[in-house]
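Since the structure of chain A is provided, determine the placement of chain Z on it from the hints.
Heads up: the protein sequence lines correspond to chains A and Z, in order.
Under my numbering, the first residue of the first sequence carries the number 1, and numbering increases by one thereafter.
Under my numbering, the first residue of the second sequence carries the number 1001, and numbering increases by one thereafter.
What the hints contain is simulated information worked out from the structure, not anything from laboratory work.
As the structure is a computational prediction, the values presented were derived from the model and not from experiment.
Glycine included, every Cβ here is placed at the ideal spot set by N, Cα and C.
No false leads were mixed into what you were given.
Derived contacts from chain A toward chain Z, CB cut-off under 8 Å, selection only:
(1) A81
(2) G142
(3) L145
(4) L163
(5) E167
(6) M190
(7) L191
(8) Q233
(9) M234
2 protein chains.
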Amino acid sequence: MQSLLLGIDGGGTHCRGRLTDSAGRVLAEATGGPANVWSQFDGAIQAVENVIDELFLQAGLAAEVRDRTTLVAGLAGVNVASVHARLQSWQPRSQARYLFTDVEIACAGAHAGAPGAVFIVGTGSQGAAWDGVQFTLLGGWGFALSDDGSGAILGRRARRLALLAQEGIVPASPLTDRIMALHQHSPEQMLIWSQQATPADWGRVVPEIFATAQQGDEHAVALLQQTAAEIEQMVQPLLARSHGKLALMGGLAVPIQPWLSAAIVAQLVPPQEDALSGALRLASQFSQQPA
Amino acid sequence: MQSLLLGIDGGGTHCRGRLTDSAGRVLAEATGGPANVWSQFDGAIQAVENVIDELFLQAGLAAEVRDRTTLVAGLAGVNVASVHARLQSWQPRSQARYLFTDVEIACAGAHAGAPGAVFIVGTGSQGAAWDGVQFTLLGGWGFALSDDGSGAILGRRARRLALLAQEGIVPASPLTDRIMALHQHSPEQMLIWSQQATPADWGRVVPEIFATAQQGDEHAVALLQQTAAEIEQMVQPLLARSHGKLALMGGLAVPIQPWLSAAIVAQLVPPQEDALSGALRLASQFSQQPA
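Just chain A, with the same shape it has in the complex (with noise of 0.2 Å):
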């Protein structure tokens, strides 16, 4: 009997699942809730159950198939060791289940399951590299530690030179003076502000960096050249891994390649599938390897 293979990609908004036969033709698609195992562990389980079982039921299969699939999922958090500790009981009906990160699929589905990395940059970021056979993780520690490149880190910089130039302690710019003005020009209002702000909250005046730079804004145009500076050295471990072959990705990504060196722009490639196919990739090459 032919086997089947299932992609799950499981991250903080949704989960998504797709089922394919051994040659790649779709026989479900499905979605469901939030499935962070990092944050929300017996949810996150709970809700790509359920993807699993709307899976086989969209296509009409018994129970008794799921035990010629291979699973691939791809979760936010999986290489926390404490996560990858829970996770081992988790063994749902299957003939193999293999766990990725949501980067690492990411990183299958950009190359189409060839050797490459990805270094993601939206609010926070993430690196992966994929020689062919096993995946190195970079980055991804946390807003407080980690994530540089990114939006939210970006974000807090922005904000932070904002208010040293409402005290005269920098000159002021279009871009401090926008910023100020989200917070009613009150250093006050903006500490309340700080107090709650998640690292997507710090990450929303990114818009405005990029549209005063573009108009010369000393400020904006500094802090997208530290950002680039950042996500260069970010990316170059990871191209040391990746046979060169790296692709930009999150929201930043696009926005940010003006800023970037010619040497590493000329290195970057575009993604060319999303992660769910990339789980598939990965799913389809395991399959066939000999237990």
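For chain Z alone, kept in the frame of chain A given last:
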């Protein structure tokens, strides 16, 4: 009848008070509980009231004598408009009551009531300048947005660097090794730690940074140079408003001095008196002015 002077120094760990006659002769001294009007308004006011009651009890003075008292209180957070507004309802029995921040009374003490400035670099950072008529405050908007040159910011940068070294993105050094050893060389342990870390926790690696810089550790040297540059940037506007006299205070004040430029060091003066003495200096000045 002779007037009395009452100084209060209210901070997050405790509240101190001193009662003197108009010539500065000490009549009583007392210490009470935490008095942070920013984070715990009601408890702080109660702590201050308790210290005042204790002072008059110790001095053996009747309640009506309080009507001849000039009170100066230095309380962290008074500069925040919402706290300032709430404090209008606090009218302790006195002839006159003046409210300042803890940094302002520290400034008055450091220069024995004469014009001058202070920049306090401990866990956080904040500056104040006194031109003889009014105070100007600078910085002090918290760990997330401000506190340039402080131990918490320095410690956060050092930990971030240690994590970059752990992942091979920057070279390791004795400093980064020591910091990772605090977290069993595990980024995950450090991530979990970071989610609960207070500014004081971030600052706890500062002694390691000074110690390794002493031995020529390149990361430690670069970190201290950056902190020194931030301090120099922050003190420029203070020097401009204080006849060029500046006292550096707080836990980093002494160790950071070898890292500051000779031009800045030449303008530094040692603090002459403590914050409580500063409050009493101000009380003395105000009691001699026409109401």
